[in-house]
Amino acid sequence: MLGFLGRRIVSGVVLVFAITTLAFLLLYLGSGDIARRILGQTATQEQVTAKAHELGLDRPIWEQYTGWLGNALSGNLGRSWFSGQLVIDGVTNRLTVTLSLVIGATIITALIAVVLGVWAALAGGWVDRTIQFLTVLGMAVPGFLIAVALVVVFAINLGWFNATGYTSIADDAFAWARSVTLPIVALSIGGASAVTQQIRGSVVDALQRDYVRTLRSRGLSTRSVVFKHVLRNAVGPALAVLNVQFVGMLGGAVIVEQVFQMPGLGQLAVGATTQGDVPIVMGLVVTTAIIVIVVNLVIDIAQGLLNPKVRLA
Amino acid sequence: MDPYLATEWKYDDTETTLTLTIRDGVTFSDGEKLDAEAVAVSMNRFKSGTGPDAGYMRNVDTIKADGATSVVVTFTAPDPAFLNYLTRTAGLVMSPKAVSNADLPTNPVGSGPYTLDVGATVTETSYTFVQREGYWNKDVQHYEKIVMRVFQDPTSMLNALRANELNYAKLAVADTFDQAKAAGWTLNKNELDFQGLLLFDRAGTQVKELGDVRVRQAINHAIDRPALLQAVALGFGTVSTQVFPTTSVAYDKSLDERYPYDVAKAKSLMKEAGYEAGFNITMPSSAVLGTTVYALITQALGEIGIRVTNEDPGSNFIADMLAPKWSACFMALEQNPDWQLTQFMIAKDAVFNPFKYADPDVDAMLNEYRTAAQDRRTEIIKELNKHIVEQAWFAPFYRVEGVVATDPKTAVKMLPTNTLPNIYDITPA
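Going down the list, the sequences are from chains A and B.
If you read the first sequence in my numbering, its first letter stands for residue 43, the second for the next number, and so on.
If you read the second sequence in my numbering, its first letter stands for residue 2, the second for the next number, and so on.
Read the hints as simulated data drawn from the structure, not as lab findings.
We put the beta carbon where it would ideally sit given N, CA and C, even for glycine.
Hints may contain errors.
Between beta-carbon pairs, the in silico distance windows are [said to hold, decoys possible]: (1) A:Thr138 x B:Ala204: 51 to 59 Å; (2) A:Asn113 x B:Glu33: 29 to 37 Å; (3) A:Gly98 x B:Asp376: 28 to 36 Å; (4) A:Ala212 x B:Tyr12: 52 to 60 Å; (5) B:Ala173 x A:Ala212: 47 to 55 Å.
Pulled a few chain B residues facing chain A out of the computed Cβ check, cut under 10 Å [what the hints assert, rightly or not]: (6) Val42; (7) Gly52; (8) Arg59; (9) Val61; (10) Leu105; (11) Val123; (12) Gln153; (13) Ala161; (14) Leu162; (15) Tyr169; (16) Lys171; (17) Asp313; (18) Asn317; (19) Leu323.
Facing chain A, a subset of chain B residues (Cβ under 10 Å, in silico) [claimed, not checked]: (20) Arg46; (21) Asp54; (22) Pro106; (23) Thr107; (24) Gly111; (25) Pro114; (26) Arg150; (27) Tyr252; (28) Ile319; (29) Ala320; (30) Asp321.
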């Protein structure tokens, strides 16, 4: 297990390096006259040139990149070109918001998927058909449409939840719940539908296996067979799908955070990318890459614990 | 202009020395004293800095404190807009002790009625301000706490407004006006910006046809302003053919009748100029200014043979426009007080005169204006406006209505020269 972990960590570091290099190159190519954008329409050309020099934009790209990398390795991601905020502060402030949403949505996704997936597989008939229909619908309707509908009904008309904004759980737990409920629901519907299908398929498949028939012939109850044996086998593939969903939700959070105006990484990414705020975008790239790699690692470990055969791969 | 941090200001006879008297007894939020020295340090720092508005100080030679309450500013040439700049960013004063703080951009130190609550603030998302103890002017501190939220999406802002999460909102998109009104909000309006075509290449260096005044006049006649206003801004605004605001002494209502919509007249002007067959022109487009307007401009100019190709430069829009990359461009520009306006879009070295077009008549008028007495200035600026309209430097369409919406608990006093009201002018209703 230790060797496996070591190999994964080394490949993770290489991956982060490759991603940041590529991102820096792409940002550099697309950045245009950033000094002018920072200073606005009334600045003179001399001011623009001075600003470009101040930011080091007149240096060759490799020098700029190695400079960024050297600082990043010592934990300094620089300051936003537009707001002057430390990148590390901007990212960590917003990380809790996005993680609230994505982790919340992942938990909801897993719960819904296990309940509906197992129910559909065991009950069959109209229950199965209804659940299958709902999951197809859930995957087909775009997340932002669901978000907009939720806002109109539950925030504007009923006033139960917030239409926009975010309250920290440390400030007020109730207000926090009011602010994150609708975004989490909007974010989880698509993922929950996909994972439900996956679990239903795995359970149906497992129920037809020989070992289930053997267990049943020994007089074990359906509940015991399903929860002690079938689910344990079905959970591996479901975890893989959940992993993909988690990464997808990081992307989906961009739209949901826009609709609900939540100060998360997604909103920061949209703003920074359109402005061309390279230090912020690079900070986000590093953070997201690390999150994705860590989550992959955690899922791999979980699967390894469940099924020792995976560790050889 | 009302006294504030400066209680008095006085120019010498040549308008090259300005003496400001600084209010006594004002402090910064870090406890430092706001005196003449602090004002001089701030203004000098602004002058030599790389901030977006550093150009406001371009005519300033020196800034020195003279005693505890007097600041003397000397100029290389008179700048009739300077006092106005001091009501904007150029007049903001920072604590001299705090200017070298590394976290100053996110933890500001100032002398205003509120201080930023850094712990409750997420940069570029929401800013929380709390009333400051010991502020010299209690009368303008209307709220204990003010939370400012940044919305990147007009629909989300409208949702927040309808869900009663806001008291005040600057509405940027005309199709949200009616919905805000339907939710019981008051629409407070002013007309600050004009939108229209900026015909940059008046010398015809890039597109030679634009160098002919008859072509520029033809473009003005080809525009159906009332229809455009209705289609693009849903009627929220007033059609115009001049760039000076109604608050200016230069404004002349009759000039708005100079270029009525008249395609036949436009075509005959094109023919007279020898361009009956029309010509090609490339102009930039930006989603920020809407999408329909570009199609309508292309169609209107197409009627008189001008074939427009639209090009979307993305976020390089302003930089490319000022490079200069295009001979003409649809744009929204701020209508400033007179001298500031000329320095912004008319003078030879104005930022929005990217081809550095120089007209001897205009130069002469601006040169005289700089040092003339007030009565004469009024005459000159009227004459200048008329000349610009006659020479068709621009093809303005309309002044757009800026809307600030307030809920029933909130009142606001709008300023004729600012997009947004001062924080002092937002009050409980």
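- Can we keep the Thr107 (chain B) interface hint, with Cβ of chain A closer than 10 Å? With Cβ-Cβ at 5 Å, under 10 Å, it holds.
- Message: For the hint 28 to 36 Å, verify it against the beta carbon of Gly98 (chain A) and that of Asp376 (chain B).
- Response: violated, 52 Å
- Message: Let's test the interface hint: is any C-beta of chain A closer than 10 Å to that of Lys171 (chain B)?
- Response: With a minimum Cβ separation of about 15 Å from chain A (threshold 10 Å), the hint on Lys171 (chain B) is violated.
- Was the hint right that Leu323 (chain B) lines chain A, CB cutoff 10 Å? holds, 7 Å
- Would you check whether Val61 (chain B) satisfies its interface hint, that is, whether its CB is within less than 10 Å of any CB in chain A? Where the cut-off is 10 Å and the nearest Cβ of chain A is about 14 Å from Val61 (chain B), the hint is violated.
- Hold the hint about Arg59 (chain B) up to the distance rule: shortest CB distance to chain A must be less than 10 Å. holds, 8 Å
- Cut-off 10 Å, beta-carbon criterion: hint that Arg46 (chain B) touches chain A: Violated, because the Cβ-Cβ distance from Arg46 (chain B) to chain A comes to roughly 14 Å (cut-off 10 Å).
- Item | Pairwise beta carbon distance, Ala212 (chain A) to Tyr12 (chain B), judged against the given window 52 to 60 Å | Once the Cβ atoms are compared, 55 Å apart, the range 52 to 60 Å for Tyr12 (chain B) and Ala212 (chain A) holds.
- How about Gly52 (chain B): closest beta carbon in chain A under 10 Å, or not? The hint holds - Gly52 (chain B) has a Cβ within 10 Å of chain A, the shortest such distance being about 8 Å.
- Hint check: 10 Å Cβ-Cβ cutoff, Tyr252 (chain B) to chain A: violated, 23 Å
- Message: Hint validation: Gln153 (chain B) versus chain A, beta carbon distance must be below 10 Å. Holds or violated?
- Response: holds, 6 Å
- Message: Tell me if the interface restraint on Arg150 (chain B) is satisfied: Cβ within less than 10 Å of some Cβ in chain A.
- Response: holds, 7 Å
In summary, the structure is inconsistent with hints 3, 5, 6, 9, 15, 16, 17, 20, 24, 25, 27 from the numbered list given earlier, while agreeing with the others.
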